[in-house]
Amino acid sequence: MQSGIAASQELISQFNNLLSDTSIFGLLVTIQGEQLVPVTTLPSKGTDFSANLSTLSPHLKPDEALYALLRRSPSPPGLIAVSYVPDVAKVRQKMLFASTRLTLVRELGSEHFAETIFATMAEELTPEGFKRHDKHTELAAPLTEEERTLGEVKRAEAEEGRGTGVREIHLSKTMNMPVDANAVAALSEMARGEGSGIVTLKINPASEIVELLPNSSTPSSVDELASSIDDKEPRFTFWRFTHTHAGEEQSPVLFFYTCPAAAGKSIKFRMMYPLMKRAVITAAENECGLKVEKKFEVEEPSEITEKSVLDDLHPQAEVRTAFRRPKRPGR
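Be aware that the sequence shown starts at 1, since it is given in UniProt numbering, and climbs by one per residue.
Hints are computed from structural coordinates only; laboratory data are not their basis.
Note that the coordinates shown come from a computational prediction; the quantities given were computed from them, not determined experimentally.
We put the beta carbon where it would ideally sit given N, CA and C, even for glycine.
Treat the hints with care, since some could be wrong.
[Said to hold, decoys possible] Simulated restraints, written as ranges between beta carbons of each label pair:
| id | residue 1 | residue 2 | range |
| --- | --- | --- | --- |
| 1 | 78 | 135 | 18 to 24 Å |
| 2 | 103 | 192 | 29 to 35 Å |
| 3 | 93 | 192 | 19 to 25 Å |
| 4 | 261 | 62 | 42 to 48 Å |
| 5 | 278 | 48 | 37 to 43 Å |
| 6 | 132 | 103 | 26 to 32 Å |
| 7 | 278 | 111 | 34 to 40 Å |
Using the sequences and the hints given, assemble the complete structure.
Quick look at the structure:
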């Protein structure tokens with residue numbers, strides 16, 4: 001599912017003006033009240049795209065997302081759609097703008113746009129930034145969609161494997177997968193100790209959005225949890241595990257990422273999950289305030305056992321025995 005946000009009539013009207021009036025260089029767009037609305041238009045200084053970019057820079061704030069529809073070429077399709085989503089913008093705003101950018105282009109007419117660009121820094125939208133972008137586009141080898149996806153996965157896994165967590169993975173415009181509002185609401189309820197005690201998420205392969213799955217009942221044991229998780233498709237599962245340890249009742253929230261070997265979807269679909277895993281956990285912890293005690297990754301749900309969960313939650317202290325010198329023979 002998409003974000004449900006649509007273009008306002010005012011935006012459509014101003015976009016038509018952009019198409020017909022070459023004295024307008026660009027149209028800035030934002031999201032207000034569940035609608036895509038125009039912010040302002042940018043005047044054209046002539047046919048030089050680089051010179052016209054100077055009218056855009058004053059509107060790019062370091063912590064606010066914005067759409068910019070710019071005239072790159074005088075001949076159709078001469079427009080480009082820029083999604084400017086800074087890293088330090090609020091998580092909710094980032095997800096909202098990412099989930100709506102395709103809707104923006106589709107409702108205004110994708111035939112008018114030669115390219116869509118996703119930027120996280122204002123420097124990317126300067127003349128120098130566009131030169132680097134154009135050079136990269138020209139040098140890029142003609143890869144298939146599957147090859148591009150696999151390349152993104154390898155780069156993402158390389159970043160993940162470094163273990164520093166300093167750099168955030170920036171996915172291409174085809175892999176910016178947001179989290180559905182219903183999923184965010186369910187995770188927020190869990191953070192407040194409300195809800196059913198389990199939140200199961202999946203990625204919709206058509207919209208590339210993380211969606212909430214309904215749960216018929218709340219598992220009361222690890223075995224019930226394992227049997228409730230789909231064994232044919234990957235899943236993200238958050239579960240509040242209420243149990244007693246050392247005479248004390250505890251209810252930690254656990255995260256399970258399962259990716260069954262029998263999942264017969266395309267490589268791209270299977271690779272979406274490891275790419276999105278960190279974003280899902282970040283949204284749960286930072287956006288929803290959910291504290292995840294332990295994270296588990298397995299192929300099959302049947303690998304989730306009470307022993308493995310408890311051993312990870314409550315590892316036993318290693319008991320070391322003192323070294324004893326062996327007795328001499330005859331003593």
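Comparing the hints with the structure gives:
Taking 18 to 24 Å as the suggested C-beta distance range, the pair residue 78 and residue 135 conforms, at roughly 21 Å. Range check, residue 103 to residue 192: Cβ separation about 31 Å, and the 29 to 35 Å hint holds. About 22 Å separates the C-beta atoms of residue 93 and residue 192, a value consistent with the hinted range of 19 to 25 Å. The supplied range of 42 to 48 Å is met by residue 261 and residue 62, whose beta-carbon atoms lie about 44 Å from each other.
Residue 278 and residue 48 have their C-beta atoms about 41 Å apart, which keeps the hinted 37 to 43 Å range intact. As the Cβ distance of residue 132 to residue 103 is approximately 28 Å, the hint placing it in 26 to 32 Å holds. The hint said 34 to 40 Å for the Cβ distance between residue 278 and residue 111, and at roughly 36 Å that hint holds.
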